[in-house]
Every structure is written in structure tokens, then in C-alpha cells.
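**Student:** Take the sequences, apply the hints, and build the full model.
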Amino acid sequence: MKFPVFVIPLIAISCFLALFAPQFNTDWTIFFHKSAPIHPSLSYSFKREEFHSNTSVSVAADEAAAAANVSVLSFSSPPPPVNDEKQSRQLHPNRTRVNEDLGETATAINGVIRNVSNDSSYESAVKVRARRQREYTKLERIEAGLRRARAAIREAKFLNQTQDPDFVPSGPMYWNSKAFHRSYLEMEKEMKIFVYEEGEPPLFHNGPCKSIYSTEGNFIHAIEMDSQFRTKDPNKAHVFFLPLSVAMLVRFVYVHDSHDFTPIRHTVIDYINVIGTKYPFWNRSLGADHFMLSCHDWGPEASKSVPNLYKNSIRVLCNANTSEGFNPSKDVSFPEINLQTGYLTGFLGGPSPSHRPILAFFAGGLHGPIRPILIQQWENQDQDIQVHQYLPKGVSYIDMMRKSKFCLCPSGYEVASPRIVEAIYTGCVPVLISDHYVPPFSDVINWKSFSVEVSVDEIPNLKTILTGISTRQYLRMYRRVVKVRRHFEVNSPPKRYDVYHMILHSVWLRRLNLRLR
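Okay, so the sequence shown: first residue is 1 according to the UniProt record's numbering, each after it adds one.
No lab work stands behind these hints: they were computed from the structure.
Just so it is clear, the structure is predicted and the values come from calculations on it, not from any experiment.
Treat the hints with care, since some could be wrong.
Straight-line distance between alpha carbons at most 25 angstroms, and here's what the computed DSS-like set of lysine-lysine pairs gives [claimed, not checked]:
hint: 1; residue 1: Lys403; residue 2: Lys483
hint: 2; residue 1: Lys463; residue 2: Lys403
hint: 3; residue 1: Lys330; residue 2: Lys311
hint: 4; residue 1: Lys483; residue 2: Lys448
hint: 5; residue 1: Lys192; residue 2: Lys232
hint: 6; residue 1: Lys330; residue 2: Lys189
hint: 7; residue 1: Lys311; residue 2: Lys192
hint: 8; residue 1: Lys483; residue 2: Lys495
hint: 9; residue 1: Lys157; residue 2: Lys330
hint: 10; residue 1: Lys138; residue 2: Lys192
hint: 11; residue 1: Lys157; residue 2: Lys448
hint: 12; residue 1: Lys189; residue 2: Lys138
hint: 13; residue 1: Lys189; residue 2: Lys157
hint: 14; residue 1: Lys311; residue 2: Lys278
hint: 15; residue 1: Lys192; residue 2: Lys495
hint: 16; residue 1: Lys189; residue 2: Lys236
**Tutor:** In C-alpha cells:
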């Protein structure tokens with residue numbers, strides 16, 4: 001093949017340049033790459049050696065961090081959006097990486113452009129970016145731990161019972177005892193709660209411990225003192241507790257007989273505004289990973305003060321009324337316990353079934369729409385169904401429960417009743433007479449296995465219903481009541497599987513968004 005005459009000199013010149021020309025590094029092209037943000041005040045007066053060194057360190061650190069994270073986590077968040085420079089990223093990953101660092105450095109905080117020619121400014125901005133990356137990683141680690149817990153709980157449904165030297169739940173009182181046990185153990189291992197420190201007693205960080213609302217005060221006191229589940233680092237928290245007491249708001253903020261809920265509403269709104277302004281966590285989830293707790297009848301109404309508190313947050317309520325907005329998949333029902341002395345002394349225990357001559361018992365005032373029907377139908381009508389508005393002088397309320405096989409627990413002004421727990425304490429099979437009520441811990445506990453549910457319309461048929469339960473079935477229910485009692489006991493300090501830990505477990509399940517049935 002013959003070459004044109006003018007080609008030969010061109011080849012000679014090219015060879016000469018390749019052999020003797022100085023070798024230039026092409027890193028400078030990054031400054032003119034079309035993906036690089038251009039700012040009038042941004043200076044690129046780096047020395048090439050410093051620039052190349054910073055690039056290498058940044059890439060090496062990112063690769064090490066990525067390797068560490070991938071080995072631990074299974075990310076569920078979507079990948080970052082791909083721009084038009086995808087091919088350039090694949091061909092020149094180092095250059096593109098530096099480009100991104102420069103762009104983020106230039107706009108470091110609050111939109112203020114910083115001059116990256118200043119080494120200290122550059123390092124400061126890189127630290128800000130690294131801190132943001134760490135915060136993101138902490139949230140991802142929390143979610144990864146929850147995913148592992150969900151998987152372990154699901155597997156536990158089909159595996160042998162996990163060993164536990166303290167207590168192993170079993171029996172028909174639980175929807176799935178294996179899953180419950182594994183879930184409880186995962187809670188002990190993983191769950192962390194951040195308690196907001198804002199607010200002052202008596203409205204916040206305080207509650208009644210010697211009244212019908214004692215569960216509210218006991219829980220607030222216990223979680224304030226908790227060293228196992230409480231964390232001081234909000235970035236490690238799975239859930240955030242709002243330490244307000246509705247009972248105390250009613251006592252100190254509400255004007256008696258004013259029928260004006262505005263002062264309570266404003267107090268709740270102000271508190272949410274404070275924590276929402278000071279911390280990023282409320283706004284991050286719109287309150288979905290926050291929970292409040294109230295045993296007062298006005299707890300649901302107080303939660304309506306802030307729409308996201310009502311719609312999104314986990315509301316732990318004694319007044320678990322589905323007709324008033326209680327959502328069992330999001331909210332938690334917990335028991336109303338009337339501790340006049342603050343302790344369980346004299347409450348727990350009762351005789352065997354053979355020493356319980358009374359078929360059913362109730363004593364209480366005409367509160368709400370259901371009790372008048374019960375009183376009218378059964379007061380002084382039948383010796384087997386002992387129904388009283390007022391007990392005779394000298395007759396003990398607790399002793400009457402201990403003498404009874406079944407204890408009637410009708411709703412009062414609100415659906416919850418302390419008689420349910422009092423019946424369980426004394427070994428009396430509870431008879432729940434209510435509409436729209438979700439019993440405590442019913443996501444774990446199968447109430448139908450140890451209690452009787454009677455609708456308001458069936459009150460006239462109470463004796464027929466109760467006598468229709470065979471002796472064998474009653475004995476099974478009695479034994480189950482005794483076994484399930486530990487989940488309703490109040491202890492100071494709290495003990496595993498008691499009422500405090502069952503409340504926490506119910507919150508844990510809502511955070512997992514998992515059903516155990």
C-alpha cells in the first residue's frame with residue numbers, strides 16, 4: 001500500500017512529540033467538566049499535589065465506609081438519582097467524586113457559599129458533610145435492626161420455643177406464644193426510647209400514682225428511671241416519648257366546671273411546637289415514631305390538639321374506644337389500675353374455685369349508659385348474680401370478688417374499667433360488658449381464652465350465658481387468669497413481662513408494624 005507523500009511528515013512529528021514532550025496530568029479537566037457547579041466567588045487555586053492528595057483520601061475513606069456498611073446493612077432506601085454524567089462517572093470516578101465534594105463544599109450550610117481555596121473552610125465543610133452522612137447511617141442502622149427483628153419474630157412462629165431462665169410464655173392465652181417470646185427478647189436487645197427533657201413538673205415528667213389513673217403516673221416514673229431502654233442519644237432511639245400527663249393537665253390547667261378545653265389544648269400544642277423546633281425528629285416522621293400515654297378519660301381529646309399527634313403518633317390509652325378514633329393497628333390499649341395506696345399489697349391472690357360460692361358479682365355507681373341497665377336488670381334479683389350499687393356496711397369489695405367465680409366489668413362513662421384488672425388480681429374470671437372496647441395488650445393476649453365478652457344487648461341473658469359455661473371450661477379459664485396475671489402487675493422497680501414492660505412491648509410492635517397472630 002502506498003501512502004500519500006504528506007502523511008509521512010505527520011507521522012514523524014507525532015512520534016517526536018510522544019517521545020520528548022512533558023507528561024501532563026489530566027486532572028485539570030475536572031474544572032471544566034460541565035457537571036461542576038460554577039460560582040462566581042468559588043476559587044480553584046489548588047496546587048495539583050494537594051488536590052490529588054485530597055481526592056485520594058476522600059475516595060479511600062468512602063470506599064472503606066461503603067464496605068463496612070454493606071457488610072452490616074441491607075439498605076431499603078432508593079439509590080441516588082442518575083444524572084446525565086453517568087458515563088463520565090464510570091470512566092472517571094475520582095474526578096466526579098471530587099466534583100461532588102466541591103459542589104457540596106461550596107454550598108455547605110444555610111446556602112452560604114464558602115471559598116474552598118481556604119483549607120480550613122474546605123475541611124469544615126467536609127466535616128459537615130461527613131456528620132450528615134453519619135446521621136443518615138444511624139437511621140439506616142436502626143431500620144436494619146428492626147428488619148432483623150421482624151425476620152427473627154416471623155421465624156419464631158415455626159421454630160421450637162426459645163429457652164428463657166425467667167419466664168417462657170405458653171398456652172392459649174397468647175395468640176402465638178413463640179412469636180411473642182421472640183418479640184419480647186428482640187425488644188430487650190434492640191429497643192431504645194428517647195424521653196424529651198423539655199417541660200417541668202407537675203404537668204410533665206410527673207403523674208398520679210395513687211388513684212384510678214395510677215398506671216399513667218407509674219409508667220412516667222418508671223421510664224424516667226429506666227436505664228435499660230432509655231437513651232440519652234436521640235439518634236439511637238426507635239421511639240420518642242412525650243412525657244406529658246393528661247391527668248395533671250386536667251388538675252392544674254383545666255378550670256373546674258368551665259367546660260373549656262382550650263387551656264389543655266394550648267399546652268399540648270405549645271409542647272409539640274417546642275420539641276418540633278428544637279429537634280428534627282418530630283418533623284422527620286410527622287410524629288409517627290412518637291408516643292404519648294394517658295389513662296385519663298380526656299386522653300383521646302387531648303391528642304386531638306395536634307392533628308399529627310392524633311393521626312400519626314402511637315397513643316397509649318386506657319380509654320381504647322374504637323368509636324372515638326382508637327386505631328388498634330396504631331394505638332395501644334393499656335389497663336386502668338386503681339391503686340389507692342400506690343402498691344399491690346392485699347390485692348393479689350384468692351381462693352380456689354371450690355371456695356367461690358357466688359356465680360357473678362358487681363358493685364359500683366351509675367356511671368355511663370351501661371351500668372344503669374345492669375343495675376335495673378339484676379340488682380337484688382338473684383342470689384347467684386350479686387349486683388349492687390352500694391355494698392352493705394361491713395362487706396368488703398375485694399372479699400366479694402374473691403368469693404365469686406365471675407366478676408362483671410361494665411364500662412362506666414368511658415369504656416375502660418379498673419374492675420378488669422381487679423378481677424384478674426383476685427383470680428375472678430372477668431366478664432367484659434362494653435361496646436367498642438379494645439382490651440389491653442390484645443395484640444398479644446387472647447382474651448377469649450380467659451374472659452367472657454357480653455354485649456350490652458345480652459345483659460338480660462347474663463345468667464344463662466354464665467351457667468352455660470361448663471365446670472371444666474371454667475376451671476381452664478380460672479387457671480389462665482392466674483397465669484396471665486403477671487402481665488398486669490405493677491412492680492417497683494419493674495420486672496420482666498409486667499405491666500410496664502407489656503406497655504413497652506405494645507409500643508415496640510407498633511414501631512415494628514408487625515402483628516403476632
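**Student:** Each hint needs a verdict: does it hold in this structure or not?
**Tutor:** Going down the list of hints, with the structure as the test:
1. Lys403 x Lys483: holds (19 angstroms)
2. Lys463 x Lys403: holds (17 angstroms)
3. Lys330 x Lys311: holds (9 angstroms)
4. Lys483 x Lys448: holds (14 angstroms)
5. Lys192 x Lys232: Judged against 25 angstroms, a Cα distance of about 9 angstroms means the pair holds.
6. Lys330 x Lys189: holds (23 angstroms)
7. Lys311 x Lys192: holds (23 angstroms)
8. Lys483 x Lys495: holds (15 angstroms)
9. Lys157 x Lys330: holds (22 angstroms)
10. Lys138 x Lys192: holds (13 angstroms)
11. Lys157 x Lys448: OK: Lys157 and Lys448 at ~21 angstroms, within 25 angstroms.
12. Lys189 x Lys138: Answer holds: Lys189 to Lys138 is near 17 angstroms, not above 25 angstroms.
13. Lys189 x Lys157: holds (19 angstroms)
14. Lys311 x Lys278: OK: Lys311 and Lys278 at ~22 angstroms, within 25 angstroms.
15. Lys192 x Lys495: holds (17 angstroms)
16. Lys189 x Lys236: holds (13 angstroms)
In this structure, none of the earlier numbered hints is contradicted; all agree with it.
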